[in-house]
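Chain by chain, the residues run as shown.
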Amino acid sequence: MTAHTNLAETISQRLVFFLGKGGVGRTTLATSFAQACALRGEKTLIVQWSLNDAVSSLFSRPSAGHDSSPLAHNLWVMNFSADEAIREYFIDHLKLRLVYNLVIENKHVQRLLHAAPGVRELFFLGRLFWLICLSEEIRGTRFDRVVVDAQATGHGVSLFTIAPTIAKFGMTGPLAAECERVASMLADPKLVGTALVTLPEELPVEETLEFLPKLTHDLGRSPNALLINRSIAPYVEKNPQSMDYEHVVGLWEKKLTTNAATRALALLHRDLRKRQHFEMVLRDELKQRGYKIAITSVPDIGLAHPESSASTVLHGVADWLVNANEKILENDEVLQSNRQQGFEYDISEDQR
Amino acid sequence: MKKNPPNALRNGKPPRLHLFLGAGGVGKTTLSAGFALALAQRGHHVGLMSIDPAKRLQGALGLSELPEIGARLDLPNCPGSVRASVLHIGESLKRWVNEAGLSQAAQERLYENELFRALAERLATATDTFAAVRMAEWPEREEGLTDLVVDTAPGIHAIDFLSKPEKLSAFLDGKLIEWLKWFAQENNTQAGLLQRVVKGGARRILDGLAELGGQRFMLHFAEFLILLDQVFARMMTRLDFAAHWLRSAETHCYVVTSVRYDAVQVAWELSKTLKSLKMKPGQVVINRAFPEALRTDPSFEETLRTMRQQEDDSFFANYLDNFIIVQRRVQEQLSHAAQSVLTLPVAEHLDAHSALRLEDLASLGHRILEHTGDR
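Quick note, the sequences are listed as chains A and B, same order.
Read in order, the letters of the first sequence are residues 152 to 503 in my numbering.
Read in order, the letters of the second sequence are residues 39 to 413 in my numbering.
These aren't lab readings, by the way, just hints derived from the structure by calculation.
Fair warning: there could be bad hints in the mix.
Listing some non-contacts, in silico: residues in chain B with all C-beta distances to chain A over 10 angstroms [to be verified]: (1) H82; (2) P105; (3) Q369; (4) S378; (5) L380; (6) H404.
Here are a few chain A residues that sit away from chain B, every Cβ distance over 12 angstroms (derived from the structure) [claimed, not checked]: (7) S163; (8) C284; (9) L285; (10) T316; (11) G321; (12) E352; (13) E358; (14) V400; (15) D435; (16) L437; (17) K438; (18) A445; (19) A461; (20) V473.
Calculated lysine-lysine pairs in the DSS-like style (CA-CA distance at most 25 angstroms, straight line) [claimed, not checked]: (21) A/K246 / A/K258; (22) A/K443 / A/K341; (23) A/K258 / B/K219; (24) A/K319 / A/K389; (25) B/K219 / A/K319; (26) A/K365 / A/K258; (27) B/K132 / B/K51; (28) B/K132 / A/K319; (29) A/K365 / A/K246; (30) B/K213 / A/K365; (31) B/K318 / B/K51; (32) B/K213 / A/K258; (33) A/K389 / A/K365.
All C-beta atoms in this analysis are idealised placements derived from N, C-alpha and C, irrespective of residue type, glycine included.
Produce the entire structure from the sequences given, and follow the hints as far as they go.
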């Protein structure tokens, strides 16, 4: 069931959107995936669109801005700024500096751009189009992979409907052309891949089952992968008795002093079993509904290595994605510390 | 523009506002529902504005589907009351159009307008933009409301909801709307000479915009604005109120996190942002924490060590160990961001598989009220 495929091969597209509601670990998995691509030798860029860059700190780097900055070998990050993108679009792309200065920078027009829904999304997609289709020609830089950590609001899906929606407004001129080309980019299944992230918990599973048909409709195709984050399935497979309530709680009960402690322990064990339960619910439902999506159970790295920090979890997942290495899931302190050392890259190489 | 200040503004004292902020999946919705119930048990008349509650929670509240407009919960022997609603901006917008008294023909034209349809149905970002309007509507609609409990969208994007009132009202109040309306009307009737002179500067901007988006779009957009004129006027008043309400000394924020690195990062960012918005620091709540009874059991440490050594049974021990380690780090990080941190451990009645009960939800709310020493 947890048979492992290399995700970077399952999702082979150059532009990959990571989707999923806030709190499911979308940023962590998007970054791990990008890191996995970089480890395979692909020049990879992580595109965030967030109030605060949440990725750089995981690599002990200062916050990134709108321009891409290096994180590790083969790996870059940027944090999209709508204002910057709008400026680039008018001045660098359309060569309309005068229009920009007179119209766009006008106080009232600025207010419109900030308040109107959809405008910033369009420029976000426009920036992705530039990265994928234009930057090689214009700047001579090419990313083999662009991994998008799509914003939490609107679950990222609004990005896929924004261009057709705006196109309906009856626009003509350069903005309409922009809508058209981002829409045709998104429609290309060879160019654009999607990974939906979820958790093996009640509400995320419920939401995923509701969200999938909508996403499939808006996208015109199923997502390429479904990632179940913080899964315990890979561990349970190796240690089935860990799910046996009588066995586990029985073992502990004999050793604990108070009844209250045993009750609390039983509660925590039930909590853990719930994860396995909801993963099964999700897998069964998807099977019944006939979805043909590659499902990957991404192991909860902290359960093999309790001392893991946010950063080592990230690298552990990346390594697991690349190597299909079951040993990563074994509780082996030496292995863990070796791995951590292996993650130290020579960043000076990127700064040259 | 019709100015119709809401009752709450005229009376001078709005209900107390309680905002629950935090990453997704940390239990904001559950905590805010529990908090509303606890207030009601203390005799308050409470509004609860929820975002997408789980079925289990809707079940507990005795409502299979919470309506946009809100429904009063059936709370036997409760001195106060709770009116609960789910945020659904598309439906709210249609209701606001209805309430603005637009003619049937105008309503139909509006519903045909692609911009309106996009706003109402498709553009998910509109939810954040208009949540503050919906929030400000509560004191107008509910006579005698003493408290409003708001469950916000997950993540630091919820801050949009806090910072947008000014942004949106800045636009609604801006010159551009007047210009666009004038632009649309000018295309129907011949504008007077005086108007031409006065609007001379605007002309250039409008021509520039028309060049970028096309004349048809501009007309579309202007029609949209004209049709929504009265709706926007009401919104303006409400946004104005929301902006003041958010910054009132009576307003409380609860920053909720669970024992997860990403969730604590969000809580930390939220605390910083509240500060930068010059709002009162939020009460930080660590939800679903490690149970004290287990951690303080005299034999726990020793048992944990032994179990971690046993290959076949180490998995559960690792899970417990990881839980404790992450919690310790989470608490450490939060101690720098907050004056006091409330820890709510995993609780039997709340985390069971079975249906939630109102009593259990309320007990959670009482824990928060007791901690904050509130009333």
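The hints, checked one at a time:
Even its closest Cβ contact with chain A, about 28 angstroms, leaves B/H82 beyond 10 angstroms, as expected for a residue assigned away from the interface. No beta-carbon of chain A is positioned within 10 angstroms of the beta-carbon of B/P105; the least distance is around 19 angstroms. The Cβ of B/Q369 sits about 15 angstroms from the closest Cβ of chain A, beyond the 10 angstroms cut-off, so the non-interface label holds. Listed as a non-interface residue, B/S378 keeps its Cβ farther than 10 angstroms from every Cβ of chain A; the least gap is roughly 24 angstroms.
For B/L380, the requirement that its beta carbon stay farther than 10 angstroms from each beta carbon of chain A is met, with the minimum near 19 angstroms. No Cβ of chain A approaches the Cβ of B/H404 within 10 angstroms, the least distance being about 20 angstroms, so the stated non-interface status holds. Non-interface status of A/S163 relative to chain B is upheld: no Cβ of that chain comes within 12 angstroms, the nearest being about 28 angstroms off. Distance check on A/C284: its Cβ is at least 21 angstroms (rounded) from any Cβ of chain B, clearing the 12 angstroms threshold; non-interface status holds.
For A/L285, the requirement that its beta carbon stay farther than 12 angstroms from each beta carbon of chain B is met, with the minimum near 20 angstroms. Separation of A/T316 from chain B is inadequate, the least Cβ-Cβ distance of about 5 angstroms not exceeding the 12 angstroms criterion. Against chain B, the non-interface label of A/G321 is violated: not every CB pair exceeds 12 angstroms, the least being about 4 angstroms. A Cβ of chain B approaches the Cβ of A/E352 within 12 angstroms, the least distance being about 7 angstroms, so the stated non-interface status is violated.
The claim that A/E358 lies off the interface is violated: its Cβ sits roughly 8 angstroms from the closest Cβ of chain B, which falls inside the 12 angstroms cut-off. Its beta-carbon lying about 9 angstroms from the closest one in chain B, A/V400 breaks the requirement of being farther than 12 angstroms from that chain. Under the 12 angstroms C-beta cut-off, the non-interface status given to A/D435 relative to chain B holds; the minimum distance is some 17 angstroms. In this structure A/L437 is separated from chain B by more than 12 angstroms, as the shortest Cβ-Cβ distance comes to about 19 angstroms.
With a closest Cβ-Cβ approach of about 22 angstroms to chain B, A/K438 is found to remain outside the 12 angstroms limit, as its non-interface label requires. Distance to chain B confirms A/A445 as a non-interface residue, since its nearest Cβ pair spans about 24 angstroms, more than 12 angstroms. Under the 12 angstroms C-beta cut-off, the non-interface status given to A/A461 relative to chain B is violated; the minimum distance is some 4 angstroms. Every CB of chain B is more than 12 angstroms from the CB of A/V473 (nearest about 22 angstroms), matching its label as outside the interface.
Proximity of A/K246 to A/K258 is assessed by CA-CA distance (about 21 angstroms); at most 25 angstroms being required, the pair is judged to hold. Between the alpha carbons of A/K443 and A/K341 the distance comes to roughly 17 angstroms, so the proposed pair stays at or under 25 angstroms and holds. Straight-line distance between C-alpha atoms of A/K258 and B/K219 comes to about 18 angstroms, which keeps the hinted pair within the 25 angstroms bound. For a cut-off of 25 angstroms, the pair hint linking A/K319 to A/K389 is broken: about 54 angstroms separates their Cα positions.
Using a Cα cut-off of 25 angstroms, the hinted pair B/K219 and A/K319 holds, with the two alpha carbons roughly 21 angstroms apart. For a cut-off of 25 angstroms, the pair hint linking A/K365 to A/K258 is broken: about 38 angstroms separates their Cα positions. Under the criterion of a C-alpha separation no larger than 25 angstroms, the hint pairing B/K132 with B/K51 is inconsistent with the structure, at around 29 angstroms. Only pairs whose Cα atoms come within 25 angstroms are accepted, and B/K132 paired with A/K319 is accepted, the gap being roughly 20 angstroms.
Distance hint between A/K365 and A/K246 is unfulfilled; the C-alpha atoms sit about 38 angstroms from each other, more than 25 angstroms. Pair hint B/K213 plus A/K365 does not hold up; C-alpha atoms about 38 angstroms apart against a cutoff of 25 angstroms. Under the criterion of a C-alpha separation no larger than 25 angstroms, the hint pairing B/K318 with B/K51 is consistent with the structure, at around 18 angstroms. At most 25 angstroms may separate the alpha-carbon atoms for a hinted pair to count; B/K213 and A/K258 meet this at roughly 9 angstroms.
For the hint linking A/K389 to A/K365, the alpha-carbon distance of about 36 angstroms lies beyond 25 angstroms, and the restraint is violated.
Violated hints, listed in ascending order, are 10, 11, 12, 13, 14, 19, 24, 26, 27, 29, 30, 33; each of the other numbered hints is respected by the structure.
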